[in-house]
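Take the given structure of chain H and dock chain A to it, following the hints.
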Amino acid sequence: MAVDPIHQFEIHNVFPITQIGTAQIHLTNSAIFMAISVGLTMLLLLGTTGSRRLVPTRMQSVAELTYELMANTLRNVTGDEGMKFFPFVFSLFMFILFANLIGLIPYGFTVTSHLIITAALALLVFFTVIIYGFWKNGLAWLKLFVPSGIPTFMIPLIVVIELLSFFSRPISHSVRLFANMLAGHITLKLVAGFIAMLGGVGFVGWLGAIAPLALTVALTALEFLVAALQAFVFAILTCIYLNDAIHPSHDPHPAH
Amino acid sequence: MDDDAREESENRSDEAALAARLSRLGKRFGDERATRLPQQDVRRTDSSALGQGLRLSSELVAGVLVGGVFGWLLDHFVGTKPFGFIVLLLLGFVAGLVNMMRSVGMMAKGDWRLRK
Numbered sequence: 001m002a003v004d005p006i007h008q009f010e011i012h013n014v015f016p017i018t019q020i021g022t023a024q025i026h027l028t029n030s031a032i033f034m035a036i037s038v039g040l041t042m043l044l045l046l047g048t049t050g051s052r053r054l055v056p057t058r059m060q061s062v063a064e065l066t067y068e069l070m071a072n073t074l075r076n077v078t079g080d081e082g083m084k085f086f087p088f089v090f091s092l093f094m095f096i097l098f099a100n101l102i103g104l105i106p107y108g109f110t111v112t113s114h115l116i117i118t119a120a121l122a123l124l125v126f127f128t129v130i131i132y133g134f135w136k137n138g139l140a141w142l143k144l145f146v147p148s149g150i151p152t153f154m155i156p157l158i159v160v161i162e163l164l165s166f167f168s169r170p171i172s173h174s175v176r177l178f179a180n181m182l183a184g185h186i187t188l189k190l191v192a193g194f195i196a197m198l199g200g201v202g203f204v205g206w207l208g209a210i211a212p213l214a215l216t217v218a219l220t221a222l223e224f225l226v227a228a229l230q231a232f233v234f235a236i237l238t239c240i241y242l243n244d245a246i247h248p249s250h251d252p253h254p255a256h
Numbered sequence: 257m258d259d260d261a262r263e264e265s266e267n268r269s270d271e272a273a274l275a276a277r278l279s280r281l282g283k284r285f286g287d288e289r290a291t292r293l294p295q296q297d298v299r300r301t302d303s304s305a306l307g308q309g310l311r312l313s314s315e316l317v318a319g320v321l322v323g324g325v326f327g328w329l330l331d332h333f334v335g336t337k338p339f340g341f342i343v344l345l346l347l348g349f350v351a352g353l354v355n356m357m358r359s360v361g362m363m364a365k366g367d368w369r370l371r372k
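Note that the protein sequences, when read in sequence, are chains H and A.
So the first sequence is numbered by the numbering used here: it starts at 1 and just counts up by one.
So the second sequence is numbered by the numbering used here: it starts at 257 and just counts up by one.
Result set (SDA-like, lysine to any residue): computed pairs, CA atoms no more than 25 Å apart in a straight line:
#1 H:LYS143 - A:ARG358
#2 A:LYS337 - H:VAL160
#3 A:LYS337 - H:LEU163
#4 A:LYS283 - H:ARG75
#5 A:LYS283 - H:LEU54
#6 H:LYS143 - A:LEU353
#7 A:LYS283 - H:SER61
#8 A:LYS337 - H:PRO156
#9 A:LYS283 - H:GLU64
#10 H:LYS143 - A:MET356
#11 A:LYS283 - H:THR49
#12 H:LYS143 - A:VAL350
#13 H:LYS84 - H:ILE131
#14 H:LYS143 - H:MET154
#15 H:LYS84 - H:LYS136
#16 H:LYS84 - H:LEU46
#17 A:LYS283 - H:LEU65
#18 H:LYS189 - A:LEU306
#19 H:LYS189 - A:GLY309
#20 H:LYS143 - A:PHE349
#21 H:LYS143 - A:VAL343
#22 A:LYS283 - H:LEU69
#23 A:LYS283 - H:GLN60
#24 H:LYS143 - A:LEU316
#25 A:LYS283 - H:ASN76
#26 H:LYS84 - A:SER279
#27 H:LYS189 - A:ALA305
#28 H:LYS84 - A:PHE285
#29 A:LYS283 - H:ALA63
Below, a sample of chain A positions facing chain H; criterion: calculated Cβ distance under 7 Å:
#30 LEU310
#31 ARG311
#32 GLU315
#33 GLY319
#34 VAL322
#35 LEU347
#36 GLY348
#37 VAL350
#38 ALA351
#39 VAL354
Quick caveat, the hints were computed from the structure, so don't treat them as lab data.
All figures in this text were calculated on a predicted structure; none of them were measured in a lab.
Cβ coordinates follow ideal geometry from the N, Cα and C atoms, glycine included.
With the rest of the complex left out, here is chain H (with noise of 0.2 Å):
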């Protein structure tokens, strides 16, 4: 018996909304699981700390240590100037944390497995640091692409290199929390097709699927370890873009 490792990437119709010209609009698998974790988020949040208790209870514990981590790590990256950024970046995480966690659950729908979704929040992100940029330093906001301390006829090389770099961020910010989800549930899904064909093969089939079941196993944990960190990184590279939109020129921070 053969496994697509793909299918489970595919994008169903599940009930016309509207139509707009001649394009129909779906509500698809997708938007629905998008709607899940944005769900899932606010029960998390809201629900756990409706009761505001001094003394927190389990969950509530869990929604504060969420909020405390990505409050920290959004301080030190950027400074306190940097806090009115918060609810950006924290929606950020936690819409990609469960957003990944979700689809680690049998028949879920791993929207951050498609690089549309990415690539839409890393754009967010990147024309969120231009447009401040410009808006709170004005044209000395320019400058980031002009490093201190080179030899003025390397200049211009310099700034060029600096310039694709920048524009190249939005893309490997976007196709590297893509790439991990794709490639993680690819991976998961081929290994526990071994199972499957295995099992086929009789008795001997049987014996030899255990190896490829443990490895399943231990894959499975290592995804919920990638589905954590990937929305952690992503939300931490937002934070370090963001720093450069807030102070283009110096950096106070120098451990990145």
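Relative to chain H, chain A alone:
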């Protein structure tokens, strides 16, 4: 009536004391936080080899891709065919390498002279 008033004033002083304690605590936590900021290194978070490979390759590919696209557009609109594509593709490769080195922390932002 008298008792009520006294009780209320007691409550209020209790609350004032609590508030004072709370603000003291808050200040101490604030100091603590200022002295030891959690030093999380972003770049070291994805430990798996696959994650690292995807990260670095995406940086490099993105640089080359952007360089190529920009060069092609320049040729298309300015008519410098084929030099814009060649030059910008190569510079895009450089930018990709710069991004890669930055993302593993070998090169700080704006630090063009590599450390000795």
